[in-house]
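Since each chain comes alone in its own frame, lean on the hints to assemble the complex.
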Amino acid sequence: MALRLWRKAIKMTLREKKIFVIFTGIYTILIFLTSFFIETTLSAGEGFLSNYFIMIFFITSLILSLLYAWLIVSRNRRIFATLKCIGWTNGNINSLVTGIIMFTTISGFILVIEGLFHYAAIMGYLQSTGKGFDAYPSILISLTPVVITFAMFLFVQIISIILANRKVLKVRPVIALKRVGQ
Amino acid sequence: MPVSKDVMIECIDVNKEYRRAGAIIRALVDINISIKSGDFVIVQGPTGCGKSTLLNVMSGLDLPDSGKIIFDGENIARSKEDRLAKIRRQKVGFVFQDFNLVNTLTAIENVEAMLWPTVLRSKEIENRAIAALRDVNMLERKDHFPVEMSGGEKQRVALARAIVGKPRVVFGDEVSGNLDPKSEKEVMELLKQINQDYETTMIIVTHRETVAKYGDNIIKMDKGRII
Numbered sequence: 001m002a003l004r005l006w007r008k009a010i011k012m013t014l015r016e017k018k019i020f021v022i023f024t025g026i027y028t029i030l031i032f033l034t035s036f037f038i039e040t041t042l043s044a045g046e047g048f049l050s051n052y053f054i055m056i057f058f059i060t061s062l063i064l065s066l067l068y069a070w071l072i073v074s075r076n077r078r079i080f081a082t083l084k085c086i087g088w089t090n091g092n093i094n095s096l097v098t099g100i101i102m103f104t105t106i107s108g109f110i111l112v113i114e115g116l117f118h119y120a121a122i123m124g125y126l127q128s129t130g131k132g133f134d135a136y137p138s139i140l141i142s143l144t145p146v147v148i149t150f151a152m153f154l155f156v157q158i159i160s161i162i163l164a165n166r167k168v169l170k171v172r173p174v175i176a177l178k179r180v181g182q
Numbered sequence: 001m002p003v004s005k006d007v008m009i010e011c012i013d014v015n016k017e018y019r020r021a022g023a024i025i026r027a028l029v030d031i032n033i034s035i036k037s038g039d040f041v042i043v044q045g046p047t048g049c050g051k052s053t054l055l056n057v058m059s060g061l062d063l064p065d066s067g068k069i070i071f072d073g074e075n076i077a078r079s080k081e082d083r084l085a086k087i088r089r090q091k092v093g094f095v096f097q098d099f100n101l102v103n104t105l106t107a108i109e110n111v112e113a114m115l116w117p118t119v120l121r122s123k124e125i126e127n128r129a130i131a132a133l134r135d136v137n138m139l140e141r142k143d144h145f146p147v148e149m150s151g152g153e154k155q156r157v158a159l160a161r162a163i164v165g166k167p168r169v170v171f172g173d174e175v176s177g178n179l180d181p182k183s184e185k186e187v188m189e190l191l192k193q194i195n196q197d198y199e200t201t202m203i204i205v206t207h208r209e210t211v212a213k214y215g216d217n218i219i220k221m222d223k224g225r226i227i
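One line per chain: the protein sequences are P and C, in this order.
Under the working numbering, the residue at position 178 of the first sequence is numbered 178, and the numbers go up by one with no gaps.
Under the working numbering, the residue at position 192 of the second sequence is numbered 192, and the numbers go up by one with no gaps.
Same shape as in the complex, but just chain C (with noise of 0.2 Å):
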C-alpha cells in the first residue's frame, strides 16, 4: 500500500495584483493548490502568465494581497521578513535563471555562504559543501571562481548551493533558461535526481516544454490562473 504523503504547500484562494504604468495586473487569480512532500512539480505557462509570482508568494519572496499560503503546516502569508528569512534558510532553496553567484567567491565558498549566518562550525559547514559539490558532480572545481565555469557548471555550484541547507523545498525558477540543450539535460536529470534521493519537494516554474517532461505534476498558467 502507497504511503500518503504529507502536503508541503498550500495555496488557499491566492490572489495577487500589481500597478504598473498606473493599471492593475492581476498576477494571481484565487489560486488554490496543493504539493505533496517529494513531489517534483512543473509550472508551466507562457511569459507574464504569473508562474514566477506564484514562485515568490509560495516561496516567501513576496506576499498574497489575500488568501493562505501553507508552508510545511504554517501559514506564511503574512509572516514577517526576518522569520520568511528564516523559513528559506532552514526549508528552502533557491536555484536562478541567472546562476546568482557570487563571483568574488570560489565554488565551495559560494554553496558555504548559505550557512554562513548559522551556528554550524566552520568545519562542519565546509564538510556540508563539499557532500553538495560532490553530489552535483562539481568537486574537481571546487576551487574555482564562477567567471573560470562554463553557464552549466554555474547551474550546478548554484544547485549545490540549494542543497546544502538540506532543504524541504527546492524552487527552480527557469533554470535552464541560459544553458544549452545538453547542460539542460544534466541540471534537470541532477534536480531529478535529487528529488528521488533525498526525497526533496521540486517546484520548478518553465515555459520550456523540454523541462516539463521532468515533472510527476505539471501546473499550467495561463492570465493569473491555473488551467
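With the rest of the complex left out, here is chain P (with noise of 0.2 Å):
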C-alpha cells in the first residue's frame, strides 16, 4: 500500500512542475557543491576551507529541506484535509509526503551522478584525442564523497519528514468542509 502510495507521490510531484523544477535544481547544486568539497578534502587534504564550505551547504540543504516539507503541507493543507474525509490515515497521508519529499531529492542525486558520468565520458574522449586535456581529471568526483553526500542528505531528509509529519497530525479534516477564502 505504501508502495502504491509512493508511487502516486512521484505521479503528483512531476505535474507540480514549477515547484518541482526550482527544488530539485537547488538540491542538485547543493548536492554537486557539497560532494565537490568532500572531495577536495579527501583527496586534496585541504582542510578548514573545504569543511567550512561543507558545512554551509549542509546548513542550506536542512533550511531548504524544512522549508520544502513546510511548503508541501502548508499548500495542500485543503488536499489532506479532503483525504483524511474520504478515509486516509494520518499514516496514508505521510506515506504520500515521504514520497514526495524524497522524490525530489533523489532526482538531484540522479542528475548530479547522470552530470559526473557525462563529464567522465567526455574527458575521457577528450584526454585520449592529445590536445592538452591531460591537466584535468578524469574523475571530476569519485564515488565515495557522493555516498558521504547521499546520507547527509538523507539524513536533513529525515529531519523534513519528521516535520511535515508533524504538521501533517495538525491539519483537521473539518477544514475540508470550509469555504475557500474562509
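It is possible that part of the hints are untrue.
[Claimed, not checked] Covered by chain P, per the in silico footprint, the following chain C stretches (three or more residues, Cβ under 8 Å):
#1 93-105
#2 111-121
#3 160-173
Calculated directly from the structure, the hints in this document are not laboratory data.
Beta carbons are placed, not taken as given, at the ideal position from N, Cα and C, and that holds for glycine.
Structural data, given as C-alpha cells:
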C-alpha cells in the first residue's frame, strides 16, 4: 500500500512542475557542491576552508528541506483534509508526503550522478585526443564523496519528513468543509 | 407489507459548543434524531444554525461534547481518529460545496484516490472508478483535469469519488452551493438516483429550498436545535 502511495506521490510531484524543477535544481547544485568539497577534503587534504563550505551547504540543504516540507504541507492542507475526510489515515498521508520529499531529493542525486558520468565520458574522449586535456581530472568527483553527501542529505530529509508528519497530524479533516477563502 | 429499515445513524442527547472570541456558542443543543438506512435526509436551516456541525459529528469528522452518535450500530462519539478514518473509508462518502478535487490528478485518479490506501488491486480500483464515473455520466471526461471542467462536472466527479467505495452513507455539505440551477438539478437527481439504485443513505445539508424538495425527510434547525 505504501508503495502505491509513493508511486502516486511521484506522479503528483511531477505534475507540480514549477516547484519540482526549482527544488530539484537547487538540490542538484547543493549536492554537487557538497560532494565536490568533500572530494577536495579527502583527496587534497584541504581542511578548514573545505569543511567550512561543506558546513554551509549542509546547513543550507537543511533549511531548504525544512522549507520544502513546510511548503508541501501548507500548500496542500485542504487536499490533506479532504483525504482525511474520505478515509485516509495520518499514516497514509505521511507516506504520500514522504514520497514527494524523497523523490525530489533522489532526482537531484540522479542528476548529479548523470552529470558526473557525462563529465567522465567527455573527459575520457578529450584526453584520448591528446589535445592538452591531461591536466584536468578524468573523474571530477569519486564515489565516496557522493555516498557521504547522500547520507548527509538523507539525514536532512528524515528531519524534514518528521517535521512534515507533525504538521500533517495537525490538519483537521473539518478544514475540507470550510469554504475556499474562509 | 413494507420492510422495516435498520437505523443507520442515531444521535442521542448530542451537544456541542464552540468558543469564539471569548464567547461560548452552543452549536448543537440536545439533538436527538434517528436516520434509517436508505433515507434521503435534508438538513435545512439558516447560516450558523448548526447544520454543518451536525454533519461533522454524524460523519465522525468532529466529536460531540456529550451524547452518543450511533453509526451503523457503533457509538463513534469517543472513537480515536484512526478508527474514525477507517469507518469513513468503509462506510462514508463526502461531497463538498467546493468540490475539493485534487488539481494535479485527472478525474479518474481523483475517484481512485479514495481507494489507494486499501488492499484492493490497482485493476480493481480502476474498474470501480470507471463504474462510478459511468454512474455520474462522466466517463468520457475521465482523463481530464479539474481545471478543464465546469462546476457541475467537478461536482459529478466528486460524487463519483463519494460512491466509489460503496458507502452506506453519503454526506453532502451545500453540494449545490457553487452550481447554477441546471447543474444543481443534475447533481441532485444523480444523488436521488444513487439513493434509489444502491439504497445509499443520503444526508444533505443545505439552506436552499430548491434542494430540500429532493428529501424524503427534512430536518429543520435553528440556533443549534431541531425545530
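Hint check results:
no., hint, result
1, 93-105, "holds (count 9)"
2, 111-121, "holds (count 6)"
3, 160-173, "holds (count 4)"
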